[in-house]
Amino acid sequence: MSWCIAADSSCNLRGYTPETPHLSFRLAPLKVNVGSIEYVDDENLDVDDLNQAVAIEASASSSSCPSAGEWTEIFKSADNVIAVTISSNLSGSYDAAMMARNMVLDEYARDHSGVIAGKNIYVLNSRAAGGKLELIVTLLDRYLSNNPTFDEAVEYAKKLEATSQVLFSLSSYENLVKAGRMPRVAGAIASRLNIRILGTASSEGTIKLVGPSRGEKKAIRGIIDAMVSDGCHGGFIAIDHVNNEHTVELLKSALLEQWPNAEIRILPCGGLCSYYAEANGIIVGYGWL
Numbered sequence: 001m002s003w004c005i006a007a008d009s010s011c012n013l014r015g016y017t018p019e020t021p022h023l024s025f026r027l028a029p030l031k032v033n034v035g036s037i038e039y040v041d042d043e044n045l046d047v048d049d050l051n052q053a054v055a056i057e058a059s060a061s062s063s064s065c066p067s068a069g070e071w072t073e074i075f076k077s078a079d080n081v082i083a084v085t086i087s088s089n090l091s092g093s094y095d096a097a098m099m100a101r102n103m104v105l106d107e108y109a110r111d112h113s114g115v116i117a118g119k120n121i122y123v124l125n126s127r128a129a130g131g132k133l134e135l136i137v138t139l140l141d142r143y144l145s146n147n148p149t150f151d152e153a154v155e156y157a158k159k160l161e162a163t164s165q166v167l168f169s170l171s172s173y174e175n176l177v178k179a180g181r182m183p184r185v186a187g188a189i190a191s192r193l194n195i196r197i198l199g200t201a202s203s204e205g206t207i208k209l210v211g212p213s214r215g216e217k218k219a220i221r222g223i224i225d226a227m228v229s230d231g232c233h234g235g236f237i238a239i240d241h242v243n244n245e246h247t248v249e250l251l252k253s254a255l256l257e258q259w260p261n262a263e264i265r266i267l268p269c270g271g272l273c274s275y276y277a278e279a280n281g282i283i284v285g286y287g288w289l
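Under the working numbering, the first residue of the sequence shown carries the number 1, and numbering increases by one thereafter.
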């Protein structure tokens, strides 16, 4: 039977090739709307062009989720599909994917006289964005090489979601404030004082502020302290960034000093994460399974 792991483009994997044979990876693109132009967040997007357009556009910009139709196309591509979405409290992507799941399974049942066996779709709400999705996709890919049943794979995906977290360290907050993701007063004060803000995902999948940090070294120390507090012991760590290679390399060195055997993957942010993390933003996904 064929397998597919899918994610929306809040996952920053682009051109990802699964390790497991006969497994595909598909991405459902979110969109960023700037003025009258819609930027599709796929592997063809020039993220620098998007960021420049956002910076000079006077009117408000926004993002939108993949349609149910886009998810439907992905769900029809394999017998077993596990999809991972951005937090349902940040986007409608999860709801669109669930609608598509129900449509595809209903259609499959009609075509097979009511029998669903042989077609399985599960949609996982990551309650996050960025690096946490990359961790789930990568480790689930490796797990599938053991040839589990669909139910076993779903349980493992749920366990990964429950034992992983995301942190973000930002120096610009305008788009988060405009989208109602961050209190306007907090964003204004942080910008005025040139403070990097460390945040994480709440249990409900909303953005929760951890605290401010002044300076690069303190920001890195704050990230590692938060990871230790969560129970992280190294393992796979995903770091996404918006044109901030220097700080990310310092962070990587500090993480390897803390956990010498950690596996660290560094990726540039795609369109959606770049839009919200803004210039020099960093997103870290990690777990403690």
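Rather than coming from a laboratory, the hints here were simulated on the basis of the structure. Predicted, not measured: the structure shown is a model, and the values here were computed from it. One thing to keep in mind: the hints can contain errors.
[Claimed, not checked] Here are the simulated lysine-lysine pairs, DSS-like style, with alpha carbons at most 25 angstroms apart:
(1) 217 / 158
(2) 218 / 208
(3) 76 / 158
(4) 252 / 217
Status of each hint after checking the structure:
1. 217 / 158: violated, 34 angstroms
2. 218 / 208: holds, 19 angstroms
3. 76 / 158: Judged against 25 angstroms, a Cα distance of about 22 angstroms means the pair holds.
4. 252 / 217: holds, 12 angstroms
Violated hint: 1 only; the structure is consistent with all others.
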